[in-house]
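Note that the protein sequences, when read in sequence, are chains C and D. Note that our numbering has the first sequence beginning at 24, numbered continuously upward. Note that our numbering has the second sequence beginning at 47, numbered continuously upward.
Treat the hints with care, since some could be wrong.
[Claimed, not checked] Stretch by stretch, here's where chain D covers chain C in the computed footprint (C-beta under 8 angstroms, at least three residues):
| id | stretch |
| --- | --- |
| 1 | 83-91 |
| 2 | 244-250 |
| 3 | 258-269 |
| 4 | 420-434 |
| 5 | 458-467 |
[Claimed, not checked] Here are the in silico distance ranges between beta carbons for each label pair:
| id | chain 1 | residue 1 | chain 2 | residue 2 | range |
| --- | --- | --- | --- | --- | --- |
| 6 | C | Asp301 | D | Ala64 | 42 to 50 angstroms |
| 7 | C | Gly300 | D | Thr119 | 46 to 54 angstroms |
| 8 | D | Thr214 | C | Glu184 | 29 to 37 angstroms |
| 9 | C | Asn205 | D | Asp103 | 28 to 36 angstroms |
[As the list claims (entries may be wrong)] Examples of chain C residues toward chain D, derived with CB under 10 angstroms:
| id | residue |
| --- | --- |
| 10 | Arg53 |
| 11 | Met130 |
| 12 | Asp134 |
| 13 | Pro135 |
| 14 | Arg140 |
| 15 | Gly141 |
| 16 | Thr156 |
| 17 | Ala454 |
| 18 | Trp519 |
To be clear, the hints were calculated from the coordinates, so they are not data collected in a lab. Small disclaimer: the values here were computed from a predicted structure and weren't measured. We put the beta carbon where it would ideally sit given N, CA and C, even for glycine.
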Amino acid sequence: MLRHLMMTAAAATLFATGASAETLRFATARDVYGLDPHAVTDSFTNIFTHHIYEPLVRYDAELKIEPALATAWEVIEPTRVRFTLRDGVTFHGGETFGADDVQVSLMRAVDPKSPLRGNLPGLKAVEIVDDLTVDLILEGPTPLLNNYLTNIFILDKGWLEANNAVAPIDASQGEEGHTTNNANGTGPFVLESRRPDALNVLVANAAWWDTPVHNLTRIEHTPIGSDATRVAALLSGEIDLIEPAPLQDAGRIEAAEGVRMLQNPGLRSIMMGINMGDSLVDGNVDGNPLKDLRVRQALYHAINMDLIRDRIMRGKSRVTGSLIAPEVNGYTEEMDARLPYDPERAKALLAEAGYPDGFAFNLNCPNDRYVNDEGICQAMAAMLAQAGLEPRLVTEPRQMHFQKVDNRQVDVFMLGWATLPMLDGFSVLSAMLATPGGEYGTFTPAGYSNPRVDELTKAVATEVDPEKRNAMMIEALMLAKDDVAWLPLHQQPLSWAARDTVEVPQAADDLVRLWYARVTK
Amino acid sequence: MLGFLIRRIIQSVFVMLAVALIAFMMFRFMGDPVNSMVAETATTEERDAVRERLGLDQPLYVQYGRFVARAATGDFGLSWRNARPVSTLLAERFPATAELVLVAAGLSLVLGIPLGILTALRPHSVSTQALQLMSLVGISLPTFVTGILLILIFSVWLGWLPSFGRGTVVDVGWWSTGFLTLSGLKALILPSVMLCLFQLTLIMRLVRSEMMEVLRTDYIKFAKARGLTNRSIHFHHALKNTLIPVITIFGLQLGGLIAFAIITETVFQWPGMGALFIQAVSFGDVPVMAAYLVLVSLIFVIINTTVDLLYAVLDPRLRVEGARAAH
C-alpha cells in the first residue's frame with residue numbers, strides 16, 4: 024500500500040515538474056541597449072524591459088490602453104490627474120510597490136538629464152496623496168497622458184537608493200550604472216542572467232499580480248545579427264521565435280516543416296519628405312521646382328506603388344495615401360486615397376509647371392533602417408526617371424542618412440513613422456507638419472509652413488475632448504495631404520517567424536510581447 | 047640585439063600614434079550617433095544638447111588630444127551604444143576572439159603542415175591532386191559563403207552542431223572559456239573550421255613548395271647518398287629548414303586571422319571583438335571603433351616584432367651577420 028502511494032506520488036511529481044518547464048528561445052537582430060528602462064529611447068529595448076518592469080498603464084495585444092500598476096485615474100483639474108495604484112504588488116526583490124516608487128520613477132524619467140524626458144512631456148511634479156494614490160501635476164491639459172505613460176516603467180525607490188541609481192543614466196556620459204545589467208521590477212518575468220550580445224535569460228515571476236495568459240517558465244533571448252544565421256537557427260530547431268524574419272526567406276520558412284511565418288500589416292508608415300526650401304541641395308535648375316504643388320503632384324503620380332508592393336515587398340505591404348496607419352487615432356478612410364499612378368499626367372503637370380525636360384534632385388534613402396528601403400528607392404528612382412525627372416539616388420547607412428535629414432541636406436528623402444508610443448496622429452502633426460520651432464517640427468521638410476496646420480496642431484495639443492480633438496486632427500492631416508507635404512508610400516509589413524508550437528500575438532507596433540505567448544506541445 | 051629591439055619599439059610607438067590619428071580622423075566622417083541615442087521624436091534642441099555633452103562640438107585637435115591622452119592609460123571612454131566602459135567591453139569580448147583564433151590557427155598548423163608534407167613527398171599522386179583542388183576551392187570561395195554552407199550542412203540538415211553562439215561558457219577568473227564544456231567545444235568547431243580554411247590552404251601550399259625546394263638541395267642529395275633513412279631526411283633535416291619561412295608567414299598571417307574573425311563572428315554570432323566592432327560601425331559608436339583599431343594595431347605590431355626577433359633566433363645566419371656588422 025505504502026509503496027503504491029509512494030510510486031503515485033513520485034509519478035505525480037514527475038508530471039508536475041515536467042508539465043511546467045516551457046522554455047521559449049527567442050532571437051532578434053540585435054541585443055537590447057542595457058536593462059535600464061529610462062536610459063535609452065529604443066522601442067526594442069523598451070519592449071524587452073517591459074517583460075521585467077511595468078508602467079502605470081499598458082497596451083494590450085490589440086494596442087488598447089488598460090490598467091497595469093494603476094487601477095484607475097481621474098482628472099481632478101486640467102493640470103492634476105489622480106492615479107489610484109494597485110494594491111498587493113511586489114517587486115522581484117520582495118519590496119512592496121507604492122506611491123513613493125511611482126514618484127521616484129516618473130521624476131527620474133523626466134529628469135533633464137534623462138533621454139526619456141521627451142516621452143513624457145509636460146510633467147511638472149508627482150505628489151503623493153497616500154500610499155496607493157498619486158497626483159501627476161502637469162504643465163497644461165494633456166490628452167495623451169496615458170499614451171505617454173505606457174512607456175515609463177516603475178522601479179523601486181529603495182532599490183535605486185541602495186544601488187546609487189536614483190540619478191538617470193544617459194548613454195552619453197556618467198559612470199556605468201547598476202541598472203544597466205541588473206533589474207528589479209514588478210513584471211511577469213525576472214532577470215536571471217545577462218551576457219551582453221550573447222544571452223539574456225528571464226524566468227517567470229511566480230508572484231506576479233496579474234493572471235498569466237502565457238505558459239512560459241523561461242525565456243532565452245539571443246541576438247543573432249546575421250539574417251541567414253537567424254533563419255538557419257530557426258530551421259535547425261535551436262530557436263523558437265525570430266524577429267525580424269527576412270522577407271526573402273518567407274517562402275523557404277513557409278515550405279519548411281514545423282515553422283511558419285507571421286506576417287501582418289504594421290504601423291510604421293513609410294513616406295518621402297519633399298524639400299520646399301528656396302533651393303535644391305543638388306539640383307541643376309534655378310530655385311526649387313519642388314516648391315510648386317504641381318511638381319510634387321507629378322512626383323506622386325509617377326510612382327507605381329502597386330508594382331513596388333508586388334515586386335519589392337512581395338505583396339506584403341499595405342499601400343496607402345495616409346501618413347498614419349488605420350490603428351492610429353486620427354485616421355480616416357478618406358485619408359487613405361492615393362493620387363493614382365499616371366506617368367502621362369505626371370509629365371503633363373511637369374510641363375505645366377515649366378519643367379518639360381524635368382530637373383535633377385537628390386533622392387535620399389537609408390539602406391539599413393526600413394524593410395527593403397534600398398530596393399524601394401531604386402525602383403522609385405527608375406519610375407521618376409520614366410516620368411522625365413533626373414533623380415540622383417543616394418543610399419547610405421541610417422547614421423549618415425538621418426544626419427543629413429536633421430540638417431535638411433536632402434531633397435526628396437525617406438522617413439518611416441510609427442507614432443509610437445503615442446499611437447496618435449498628433450505625433451505626425453507636431454514632429455512632421457508643424458513649422459519648426461521649440462519642440463515642434465523636428466522632421467518637417469524645409470520650407471513647409473501652413474499657418475492653419477500650425478494653429479490646429481497647437482489646439483490639438485491641449486484639447487481634452489476626444490471628438491473635438493479628432494476633428495481638428497483630421498482637418499490638419501487632410502490639409503497636409505492636399506499640400507503634398509509628404510509623399511506617402513505604404514505601411515511596411517511585420518515579419519516574424521516561429522515554430523508551429525509557439526503561439527504569440529503580432530500587434531501592429533511590431534513589438535514582441537511574450538507575456539501573451541504560449542508554447543504548446 | 048638590444049639596439050634592434052629599442053629601434054623597433056620606437057618605430058612601433060610612431061606607428062601606434064599614426065594609427066590613432068587615422069582611426070580618429072576616419073571616423074569623423076562616419077555619421078552622427080546622436081540620432082540613434084535620442085527618441086525618434088526628440089527635438090532639435092534635445093539633439094544639440096546631447097551633441098554638446100558628448101563633446102562633439104569641440105574642435106578636432108582638442109578631441110584628438112583628449113583621445114590619445116586617455117588611450118595611453120587604457121581609458122577609451124564609454125561606449126555610446128550601451129553605456130559601459132570600452133575597456134571593459136573589449137576585455138569581456140577578448141577571450142571569445144582569442145579562443146577562436148587560437149583554435150583556428152592551431153587547426154591550420156596541425157592540418158596544414160602534414161598535408162603540405164604529404165603533397166610534397168608524393169607530388170603526382172591522386173591524393174595530392176585532390177588536395178590541390180580542394181585548396182583552390184578553399185582560397186577562392188569567400189569566407190562567409192563557406193560559413194553559411196557549413197551551417198546549412200551541419201546545423202540545418204544534420205543537426206550535429208550549433209549554428210550560432212559559444213555554447214555554455216565557464217568563467218575562469220576574468221577569462222570566459224568554452225573549452226571546459228561539451229556545448230562550448232561543439233560551438234567552436236564550425237567557426238574555427240571556417241576561419242582556418244584560408245590559412246590552412248596557404249600553409250599547405252607553402253610547406254609543399256618549400257619542401258619540394260629543400261628536397262632538391264645538395265645537402266639532401268648527399269644525405270641520401272650517405273644512406274640516411276628517408277624518415278630522418280624528410281622530418282629531421284628537410285622539415286626544419288622548411289619551417290623557418292612558414293613560421294614567419296604564419297606569424298604575419300596571424301594578424302589576418304584576427305581580422306577575418308570579424309566575418310566569422312558575424313556569421314556565427316560569436317560574441318567576440320570583431321562582432322563588437324561591426325555593431326559599433328553600424329551604430330556609429332566611435333569610442334569602440336577607435337579602441338578596436340588601436341588594439342588590433344597593437345597586436346599586429348607586437349606579432350610582427352616577435353616574428354622578426356624569432357626569425358633572428360631561428361636562423362643562425364642572421365645572428366652571425368649581425369655580430370660581424372657590429373665590429
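Hint check results:
{"no.": "1", "hint": "83-91", "verdict": "violated (count 0)"}
{"no.": "2", "hint": "244-250", "verdict": "holds (count 5)"}
{"no.": "3", "hint": "258-269", "verdict": "holds (count 4)"}
{"no.": "4", "hint": "420-434", "verdict": "holds (count 7)"}
{"no.": "5", "hint": "458-467", "verdict": "holds (count 5)"}
{"no.": "6", "hint": "C:Asp301 x D:Ala64: 42 to 50 angstroms", "verdict": "44 angstroms, holds"}
{"no.": "7", "hint": "C:Gly300 x D:Thr119: 46 to 54 angstroms", "verdict": "47 angstroms, holds"}
{"no.": "8", "hint": "D:Thr214 x C:Glu184: 29 to 37 angstroms", "verdict": "36 angstroms, holds"}
{"no.": "9", "hint": "C:Asn205 x D:Asp103: 28 to 36 angstroms", "verdict": "33 angstroms, holds"}
{"no.": "10", "hint": "Arg53", "verdict": "7 angstroms, holds"}
{"no.": "11", "hint": "Met130", "verdict": "18 angstroms, violated"}
{"no.": "12", "hint": "Asp134", "verdict": "13 angstroms, violated"}
{"no.": "13", "hint": "Pro135", "verdict": "9 angstroms, holds"}
{"no.": "14", "hint": "Arg140", "verdict": "8 angstroms, holds"}
{"no.": "15", "hint": "Gly141", "verdict": "5 angstroms, holds"}
{"no.": "16", "hint": "Thr156", "verdict": "30 angstroms, violated"}
{"no.": "17", "hint": "Ala454", "verdict": "5 angstroms, holds"}
{"no.": "18", "hint": "Trp519", "verdict": "18 angstroms, violated"}
Hint compliance for this structure: hints 1, 11, 12, 16 and 18 are broken, all remaining hints hold.
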